[in-house]
Amino acid sequence: MTLRHIPDTLHYGAPKDPLRTEFDRRSGHFSMAENHYHRDYELYYLFSGERRYFIKDSVYRVQAGDLVLIDSNELHKSGDSGVPDHERIVLYFSPEYFAELPSEERDLLLAPFTQGSPLIRPNLQERLRAEELLTSLLAELHERPPGYRLRMRHMAGELLLLTARCFLRRGPVSLPEPTPVQRKVSDAVRYINAHYAEPLELDELSKRFYISRSHLSRTFKDVTGFGFAEYVNITRVREAQRLLRETDLSVTSVSELAGFDNFSHFGKMFKRLSGMSPRTYRKLGGTLSESAFDRPAAPSE
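Start counting the sequence shown at 1; every next residue gets the next number (full-length UniProt numbering).
Where hints are given, some of them may not hold.
Have a look at the derived ranges for each label pair, beta carbon to beta carbon [said to hold, decoys possible]:
1. Ser214 / Gln125: 45 to 55 Å
2. His154 / Pro7: 16 to 26 Å
3. Asp17 / Glu158: 16 to 26 Å
4. Gln63 / Ser277: 39 to 49 Å
Heads up, simulated BS3-like pairs for lysine-lysine below, C-alpha to C-alpha not over 30 Å straight-line [claimed, not checked]:
5. Lys16 / Lys56
6. Lys207 / Lys56
7. Lys221 / Lys271
8. Lys268 / Lys16
9. Lys268 / Lys56
10. Lys221 / Lys56
11. Lys268 / Lys221
12. Lys283 / Lys268
These aren't lab readings, by the way, just hints derived from the structure by calculation. All C-beta atoms in this analysis are idealised placements derived from N, C-alpha and C, irrespective of residue type, glycine included.
Between the sequences and the hints, there should be enough to build the whole structure, so can you do that?
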């Protein structure tokens with residue numbers, strides 16, 4: 001079976017499964033509408049088209065044949081690059097998927113997710129092998145013969161190994177120098193990531209990075225896909241989630257340490273972005289099911 005015989009959409013797995021898969025063939029221009037991060041490690045492969053991808057604090061132009069490796073809990077958002085139509089597959093691997101492996105194998109498979117640039121550009125031979133594995137995986141999912149889940153898990157593991165070996169041979173892609181505007185926005189993002197617990201105002205950052213308030217607001221959205229206030233709130237909620245998972249601090253203390261100066265605002269933002277209250281999140285052990293970060297993205301308006 002070739003890729004053109006695969007339906008336009010195929011999804012596999014529930015939120016708590018060790019392996020989940022999403023394939024989508026999209027026509028026209030498309031950008032993710034949802035803020036997005038999750039505890040799973042994400043492997044993204046672009047069969048055709050071109051995408052713009054904001055990950056952590058930088059923007060990457062992804063072309064057909066590229067692999068994108070996104071670390072656990074890393075903020076990311078894909079957007080339109082100006083080129084219509086694309087086909088992509090995403091594999092989500094839970095931390096538990098790797099926890100069962102011997103430490104040497106776990107470190108090997110996780111290396112591309114945690115070191116350097118998230119973008120890997122396989123050579124032609126590696127690309128053909130990756131597409132062979134992925135197309136076979138999708139064919140199994142589409143046809144569902146006996147044992148298809150077992151074969152899907154096997155091929156997903158083989159793809160991880162192929163990716164790790166590709167990374168070890170050549171490392172991440174050397175990207176072109178960012179434009180002065182992109183560099184300023186990346187600097188602003190890094191500043192927010194480091195100072196989320198402090199008051200953060202657009203006026204202050206515009207002075208710090210020598211760029212007008214209106215220009216910073218516009219270019220921040222253009223480069224990252226997030227509004228300034230939206231990104232600050234996401235960063236603070238992510239930290240609050242971490243504190244709720246990893247400490248016994250009171251919810252009020254968590255709110256303050258994450259940078260919220262108003263407890264009511266904290267509660268509203270947390271519920272809006274996480275899909276549940278801080279106390280419910282802690283009670284469930286920090287597991288998001290149908291939150292804003294895990295729902296399939298809808299087309300932008």
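Verification of the supplied hints:
no.: 1; hint: Ser214 / Gln125: 45 to 55 Å; verdict: 49 Å, holds
no.: 2; hint: His154 / Pro7: 16 to 26 Å; verdict: 22 Å, holds
no.: 3; hint: Asp17 / Glu158: 16 to 26 Å; verdict: 18 Å, holds
no.: 4; hint: Gln63 / Ser277: 39 to 49 Å; verdict: 42 Å, holds
no.: 5; hint: Lys16 / Lys56; verdict: 24 Å, holds
no.: 6; hint: Lys207 / Lys56; verdict: 23 Å, holds
no.: 7; hint: Lys221 / Lys271; verdict: 23 Å, holds
no.: 8; hint: Lys268 / Lys16; verdict: 26 Å, holds
no.: 9; hint: Lys268 / Lys56; verdict: 24 Å, holds
no.: 10; hint: Lys221 / Lys56; verdict: 14 Å, holds
no.: 11; hint: Lys268 / Lys221; verdict: 23 Å, holds
no.: 12; hint: Lys283 / Lys268; verdict: 18 Å, holds
In this structure, every one of the numbered hints holds.
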